[in-house]
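Residue numbers (this note's numbering), protein chains in the order written: chain W, 1 to 754; chain X, 755 to 1007.
Read the hints as simulated data drawn from the structure, not as lab findings.
Bear in mind that the values here come from a model prediction, so they are computed numbers and not experimental data.
Some hints here could point you the wrong way.
[As the list claims (entries may be wrong)] Here are some chain X residues the structure puts well away from chain W; computed CB gaps all over 10 Å:
hint, residue
1, Asp777
2, Gln782
3, Lys818
4, Leu886
5, Ala892
6, Val945
7, Tyr967
8, Pro982
9, Asp988
10, Glu989
11, Gly993
[What the hints assert, rightly or not] Dumping the calculated SDA-like pairs for lysine to any residue here, alpha-carbon to alpha-carbon at most 20 Å:
hint, chain 1, residue 1, chain 2, residue 2
12, W, Lys355, W, Ala529
13, X, Lys870, W, Ser590
14, X, Lys918, X, Gln782
15, X, Lys818, X, Lys918
16, X, Lys870, W, Gly403
17, X, Lys870, W, Val576
18, X, Lys870, W, Ala584
Glycine included, C-beta positions come from ideal geometry on N, C-alpha and C.
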Amino acid sequence: MTTSSSTRSWATPGRIAAIIAALLGVVLLVLIFTNVNQTQALFLGLGVGALIAAIALSVTLNYQGSGVVNFAAGAIAMYGGYVYYGLRVNGQLFLPPLPNPLAPIEGIVHLAGNKSFNLPNIPVFITLAHPGAGSSSFGTIIRQPAMPVWLALLISAGVLAILGLLFHLLIFRPLRNAPVLAKVVASVGLFIIMQAIVVLRFTSSAKAVTSILPTSPTHLPRGVTLPSDQLYLVGIVVLVTLGLWALFRYTRFGLATRAAAENEKGAIVLGYSPDFLAGVNWVASTVLAGMFGILAAAINQSLDPITITLLIVPALAASLLGRFNSFIVTMLAGLGIGMLSSWIQYLSGQSWFPKAGGQPIPGLTQALPFVIIIIVLVLRGKSLPTRGSVETVKLPFAPRARGAVPTSLIGGVAVAVILFVTSPDWRLAIVNSLVGVVICLSLVVLTGYVGQISLMQMALAGISGFTLSKIADAHHIPFPFGPILGAVAAVAVGLIAGVPALRVRGVNLAVVTFAAAVTIEQMVFANPAWSGLKGAIVAPPRLFGLKFGPNDSWSKLFGGGEGLLPNPWFGVFCLVVVILLILAVVNIRSSRVGRHMLAVRANERAAAAAGVSVSGTKILAFGVAAFIAGLGGALSGYRFGSVTADYFGAIPSMLFLAFAYLGGISSVSGAVVGGIIVSGGILTTFMSHVLGIPETYTLFLAGLGLITMAIFNPKGVAGALRDSGHAIKGRLGRGTTPKADAEAEAGVHAKVGA
Amino acid sequence: MAILSSSGLTVTFGGKNAVESLDLKVEQGQLVGLIGPNGAGKTTTIDALTGFVPARGVVTFDGKEIESQSSTQRARGGLGRTWQSSELFDDLTILENLQVAAERVTVGGFIRDLFKPRNDDVSELMAILASLDLDHSAHLLPTELSHGQRKLVGVARSLAAKPKVLLMDEPAAGLDTEESQELGTRIRGLVDGGLSVLLIDHDMGLVLTICDYLYVLDFGQLIAEGTPAEIRADEKVIGAYLGQRHAEGENDG
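Chain X on its own, in the form it takes in the complex (with noise of 0.2 Å):
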């Protein structure tokens, strides 16, 4: 049984399918590519996915259908995301946005913290910070670090929630090929240790490299999935990305 799989899954805006009948899986542990040209519905299927645009179809997680259930229950139940522009609070601290996705609030908790706020235990969130290199940060504001920087913090954030499952849209994006490189080894640690992903990316040598499955869409549609070697012999595949198969291990962003 999959962790996370969709069947059906379709996104309409105004009359048109951004995203038809995808049926995708994701296993336990496994790192899951979806890539596919610009406006092929990839962050809409993440969007649909996690609850951010309606969507038709069933998506089934943790062995649980949850189309009817909210971005923030999804969330809770252990479903993470990151954004292609990070979208971190710009008004919190690193460590404090991190706090946010790690932290819930209860009525009881908020009655005591208006008297005496807890000093919450912060140690693992510093450990992630760490694990990313990020850990002097954790002060500053997310208006003081660097580009590359806040795409890390976006993952940690994600990562605080504790999530079962990580839908990550395009990390790399705005990275050098070295920040690429480093990150795609992080992603890879992550898998190993357990977590399972769904990757979107424009590297395609990233994707490649690091990925266990791939989807293809385009223009809405699945054109193709199966192993990194697969894909990268499917004409379809190649037809999409006009020979895009030149620029593999480039940075494509």
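For reference, chain W alone in the conformation it holds in the complex (with noise of 0.2 Å):
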């Protein structure tokens, strides 16, 4: 273990805060006393930065109480506004989607015959209370909110510290000592389920939300003005700011915690168990944040499931730069970026600004965070905080595949077959899958390989896509040249976020790419010069006068089939580019490089001092990966003809390791897994087609699937299915036993602590 004791003087909290503050100060009072319009802007962004603190306060708090970065406590804070928005306005608590004992019953009814039979169903609502009398005004009904405030702040405060006990509970203590993969990952997972459980309940679109704070407009010196329920909101997060700073300082319980941060033996000696610490600091986050969301909802007087949950990127970076334990620089920094975005908003009203298709450049306000966190990494470099508690778990072990060509080959023509056959619904789905299994692989490469958390993949895949339809395509550079133009496009770019990732490991680099994925997808996806409305067109491919583009007709050679779209042959062009891949993955880790990579994985220090340079080695990995992933932008672009700003960027990233990591993040089989259960794909077509559970709901399992298989299965569905087939291999006396081989593998991942 690299020990960081060599923190450097400079980069105390204290002189960042300082030098935060007087830059602040400085371009403040230039702005004060030059332009009344451009200090009006500057505060209106105070609001929205009260919010981005109290979600950095959340972000810091976790880390403190449980070493967790919790990449979902932007939608904890956008969960508490619908929880609040539900009670006050329809005076209903939503529950998230529960199993149902009864449901098989009645499902082997219904397959009997009796369809109108029906079991009691699990309620979606409780209704507390019911919405006043309705009066209408200008053709519009206008209900009586159904709860007072105060009631449906308090139930809402509840509820939302029982959800922070049963993450702490359910979720994060179970992976106490898990890896910092297995705690990202289920962090996303609660990202997901979180907003999918919102939108299941209340749909994806905005909702009118009224204010709580009071809103009359406050007048500041230099005709400044401001609704008051702002200055309110900043008074608060200000307030609990000052109380956590007491709280930390100068109380036992605070002390423990601190403790615990740095090591937990030190919380044991002063008395406290670091699990109660972490269910503690669990429930206050999730409430801190929640109850900021409730409040900062009725500000923007809009509640959607998107917004405030993204919040977590700025947020993030004010956690950064409050270095996960100062609560004073995390809360003037969520300030200051919410003025800082402000500032550029209202900037990029104005004539002068850069224009892009006619319109100011977008996404320079998403990037801020993106620009705080690398010159944060850049200047900090590796003192950033790691925790120091013992990891008991490693990444899951990583095997050489035998026999992947006569594998690949029989299944590959067996899926070759399957897209002749069956009906269009099937072949889009297995289609969704093959690319799936492309940026999965680009995932096997980069984090299960070398150990790189990456949640900007799908940002690298859409790099290429974007680049395949605005390059190429626009100088009718033709196949296969276009996509490999637009891989190499997405190696660009991933090595350009890779170089600073150098600098840091683990969950900093997560943070890194997540912030740079948000960045590109914000400043090139959603560039009005780059895609618009309908996305950016992608033709389709030709070689030597064959079509095989999804909506090419069918080819004259198989005469079959019901000759509905999409073309078959598309599959088959996707499934030869997956063979290759596959092929060259396997290679990868039996050769030299996989080699290397394995060891920079399992010990930086030691790979060093046997000559593998690490830096190299991880620069060769962030390419290749992005490669790969650009190779699935481009099949991804001409599937659907186009590339839309919505299927790349930093969501579906986050889904994507999400996808990889459940099918099994260090082995091919495991990409292979990981494509067939992508949204879109071959299980998700099986349950809606099959099974009969709507699409709403996949990703909603999808995200159960994710924290399930964190905590119970870090080895992902293959690596399950792997012992187990060893394990019936043994049984049936053939090969080795099954107790000797399961022991061998369960002793790859006891580590020793150090």
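Using the hints, build the complex out of the two chains.
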């Protein structure tokens, strides 16, 4: 383990706070003395700044308490907003989908032919109060809120506290000694679940929210006017920060939590169990984020499942500035980021602001946190805190694949036959899964083999897709050079984002890549000069006159089939690409580079002492993974005939890490499983077409599967299959005994704490 | 000209010198011991020589000053090391552990391997394993071996890189007396075959028996140096070890 005792003395939280404050002060003074409008714009960012600060405080609190960097903190804030909304407006508390023990009985009776048989369902909402009488004005019915504000707030706080406790007990306590990747994946799972529940219960369209705090305009000096609720919100966040600061500085509880963050034994010495501390901090951080979500939604007067959720990115930047331990720096950074974003927003409305496609260059506000994160990482380098807890489980074992060539050829022929005999829905599902396999393969190389957590692979795929559309197609670069050009562009961007990542590892790398994905999504994909509403068109692939785009008519080679789109030959094309990539990734594992990659993953110091270039190996992995992801992006562009911003970017990147992890992140067979379970792939089509589970539930189930897998089976589905395969072989009396084999593999994961 | 030497080597942790102004030399084909009580700065010295902690002072290896080189560059130049807790790559077999140290990656080689991975010649590595009685374990994982065998694999891995100088950090720690003596014979055999070694160990019996020359550290400072016979008689060394002279020949790991 590297000891980071050589912390650079000038980069203390206090100094950084002073620098931020000084910089902000200078900017403010200049602005206030020059332009009232700009000052106004700056101050209008206070509201969102307070919310960013609150989410960041929640992240820091979680990190101190349990060593988890909670990517779901923004989602929790959003969820809190909806809990309050449901109570206040409808008097109903909404529940997540719960398994109904009666459902199978009902299903059997239905199968037996009695379709009208119905057993009680688990309720979706618990009604606590009824909306008041509606009054009609201007043709719309305005109803009285069902519940007074104070009661709705109180119940919301209670619900959030219970949620926080459940998160701790059900998810993060079982993961306390798990590898960083498992914790990241679990918090990604939580993110997906919370968003999925809200979409299931309230749909994804925005809700109008009434204000809670007084909104009368407040007049500040020099003609700046601000709704007073923004100032109240800032006041509350400052008070909360001071409270946390005092709690952590002056109480035994706070001291024990800080001790636990450094070294869990320290807390035990102080008479607190780290487990208890983690639980309390989870409750506190969940209530904190959720309550601010409620207040901020009221200020925006609108609530949707995305906006607040994505504030996790600036919040992570703020937490990083506060080194995940200083509440005051974190709060100031959060407010500062909010104000700067609002100011940039104002500037982009000015006539002199650089334009793209007739509109101001987009995404600069979203790029701000990324820029801040990179600057912090470059200045601070490796002295970022890593928590001193004992990791007892490592990344799953990366086996050498045996018999990959015959297996993939037989599998390939089987899939090709299926492509020609199934219905269009299933063909599309197979194509979606094949594209998914490609993205998962890129994560197998980067995360599975080298242990680098990337939350930007779909963004890199998108870079390739947009390059294919906007550069290759525009200049009539023919297939296959177009997709290769796209993949090369993805490599370029992947390396730019990967180089700063050489300075960090573990969860910090996840933060960097996530911020990079958001930036790429907002600046490139959502750039009107690149995409527009319909996305960027991708011309179908052609080679020597052969047409194998998904929308090309069936070739005459085979007479059969119903002739409906997508063209199975496109599926065959994807299949060929997938098989070539599978064999290449298998070859990487069994060649010199693969051994060097696994050496770096296992132990960077020992690898360096063995003459392995650690940064060279990582860079190579970033490049190879970006190239593979780029090919996936090109395939995906061909599949839809276009590339769109929401298919690529931050949240899809998060989802794909999840799918790859779920399948089995460290083996090629895991990538194949990952491809099968991606949304729109074979599994979800099976669920919707055969089992009758609506597609709206797939995200929820994916999140649930993710958390379950992170806790119970970090080897992924493929690893579990391999284990049971060994066990069956052993029972049949061939090969090694299952016990010795299981022990051997269990031994691989057991690591004596250094 | 010594193959490895340091002059004024100083390592500072949080304002305190863990190693202070250390001058040491390893001559070609010599087995040099570095001993001292716990916390004396022995491992820190190896870390500094191999570039794993920042240090001041001059380090000369094979006729070149190497302070500005990274750990990887030093290792590739022929400055090998082993670790106290063997630090094997747990996901790779024993043979693969050795291959990592023996093989270099090039871009051309990587691209060729994508299409058809080479069957690298492992006969030399198998010979190294055989010389340490590890050839039967070549295809096992490190976690399937005993502690003593893992330490030997650590040594084998460092030998696989064909080092000019090998810095060994407590290779005998945790071994029983018999294993320890056997290891001592093997290390001596390597040195007699031309390798230069800097050996840290707690087992005074082992060190005093097999080394050609000794350095003694206490609290980061060199308190004595000389041949084993001179060190045995040195008052300061006896003081630092508080009468541990009686423990000679026993295992005080």
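Are the Cα positions of X/Lys818 and X/Lys918 separated by 20 Å at most?
-> 13 Å, holds
Once the closest CB in chain W is found, is it more than 10 Å from X/Gln782?
-> At roughly 21 Å from the nearest Cβ of chain W, X/Gln782 sits farther out than 10 Å, so the non-interface label holds.
Taken at face value, is the distance from the CA of X/Gln782 to the CA of X/Lys918 at most 20 Å?
-> 9 Å, holds
With a cut-off of 20 Å on the C-alpha distance, tell me whether X/Lys870 and W/Val576 pass.
-> 18 Å, holds
Minimum Cβ separation between X/Asp777 and chain W greater than 10 Å?
-> 24 Å, holds
Taking only the CA atoms, is the gap from X/Lys870 to W/Ala584 under or equal to 20 Å?
-> 9 Å, holds
Evaluate the condition: distance from the CB of X/Tyr967 to the nearest CB of chain W exceeds 10 Å.
-> Nearest chain W Cβ is 24 Å from X/Tyr967, so the label holds.
Decide if the proposed pair is consistent with the structure: W/Lys355 and W/Ala529, CA atoms, cutoff 20 Å inclusive.
-> 9 Å, holds
Just checking, X/Glu989 versus chain W, shortest CB gap more than 10 Å?
-> Check passes; 35 Å lies beyond 10 Å.
Would you say X/Lys818 is clear of chain W, with no C-beta pair closer than or equal to 10 Å?
-> About 17 Å separates X/Lys818 from the closest Cβ of chain W, which puts it past 10 Å; holds.
Is the hinted pair X/Lys870 and W/Ser590 satisfied, with a Cα-Cα distance of at most 20 Å?
-> OK: X/Lys870 and W/Ser590 at ~10 Å, within 20 Å.
Is the hinted pair X/Lys870 and W/Gly403 satisfied, with a Cα-Cα distance of at most 20 Å?
-> 14 Å, holds
The structure fails none of the hints (numbered hints given earlier).
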